[in-house]
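Taken in sequence, the protein lines are chains A and B.
Each residue of the first sequence is one higher than the one before, counting from 1 in my numbering.
Each residue of the second sequence is one higher than the one before, counting from 1001 in my numbering.
Please keep in mind that the hints were generated in silico from the structure rather than gathered at the bench.
Incorrect hints may appear among the rest.
To be verified - Only pairs whose alpha carbons sit at most 30 Å apart, straight line, appear in this in silico DSSO-like list of lysine-lysine: (1) B:1224 with A:45; (2) A:140 with B:1168; (3) B:1058 with A:185; (4) A:140 with B:1075; (5) A:140 with B:1058; (6) A:45 with B:1168.
Note that the structure is a prediction, hence the values are computed from the model and not measured.
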Amino acid sequence: MRKSKNIITAFVCLLLCFLTTVQVSAANPDGHVCSHGYHTFSDHKMSYGVGNYGNNRRYYWATGFSSTYNSYISNAVSEWVNTSPGGPNVTTSISIRKTDTRSSAMFEFHNKYLGVNTLGRTHFYLYSNEIALTSGTLTKDYGWALMEISVTTLTNHSISASQCKGTIAHELGHAMGLSHQNNRKASIMCQTGYSRTATRADARDCKTINHIYG
Amino acid sequence: MKKAFLLSLVLIMTCFTVTSCKDTSNNTNNTSNANVGMIRDLSVNLERSYSVPSSDSKVLEVVSETDEFYQDDLKKLISVSDDVIRVTVQNVTFTSYEGVAWTKSDVLITDTFKGDLKIGDVISVFNLGGYIPLSDHIEGHDDAFRFNDLSAEEIETTFLKETIDGEKTIEKSDDLILCVVRTPEDSPLPNGAYERVSYSGQLYAEDNEEFIQIITDSPGVTEKTYSYDDIKEMTK
């Protein structure tokens, strides 16, 4: 009896060892995390903010999209701006509107083919009299963001309307300084490939915005 | 109690020994032909191409964050691929479509796992990113006003290096396993071009028995190792 108890104890220890290993390797690759635990690019952000509660409204400009996709963009932006009703009810400083005056826009949406797998991407650019080199990952604050949405790829993968909007909202999240959060499917910053369920920002995403911009 | 402890220790040590053992058995099924020459040239031509900019050129590295449809599940990537091939990279060229930088790799197929391509075929595999003259970016995006701090001469000599955050770029002489698909008809890429299914559908050959998949969703880098037999099994 004592012998079998010892064997059982040994096997339990072994099993715990294995489970610990499996648990560690099962986590999805996650994005950058700042020292405060938020998924940002070391808190680098868009210079002059993302709207300052309407006191310094920002603008987006879009080109190359059908009316359907223009409405997806409009809805994605609106859901970042208006977090209630129907949203996470976390107030942020985001204030972004559409403009037809391109030079006023800090956010640009373009319809570009990005390949069979890339649904969207965001580039970060600097304004400067000297073009600053940003090597590797995002390491500085930036002046404007270029978001390219691959409508062809979204269509070819039969992505639903709500997730098309989700991809756009995901890219806008990047444009405002949020990194990937692939271990949380309810986050808009989880990639489609890691089974994102969110189609708009949730409370944590909004709190990350507040962490970056105050 | 002491016996139980010793037994646990032995079992744990055995466990580590077994999992860390490398399978060094010769794989007689490996038909990789490292010395194969080109038999069929299926590569595509480019309307515009660029090399790595000279040291005189200014390079602005622009990193991007993406939303990807497929991720690093290799079995899934293999299942959606038209072809899974082992290749040696012959040549790497940079190009652009609609102001977007692309890298074209002409690769010689040295082994096949899935699909209709054959050993000895040379195909062109495209992946997003690479070098693009700033002037091409401006032409494709019509955004000259964003760079009005630069003179016309500076614009002509400045290149953008578009990179996907953390992704490893393909280089000449790389020995790779690639999961590829034919580019869709509605893409701007040339007819006959292939595309990598995903950046993680690219495995680096360490030796004839092991292939490394590098998953680089920053900031961490994860490496997964597969044997030749693992790949064969997944393509059944």
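>> Need the list of violated hint numbers for this structure, in ascending order.
In response: The structure breaks hints 1, 3 and 4; every other hint is satisfied.
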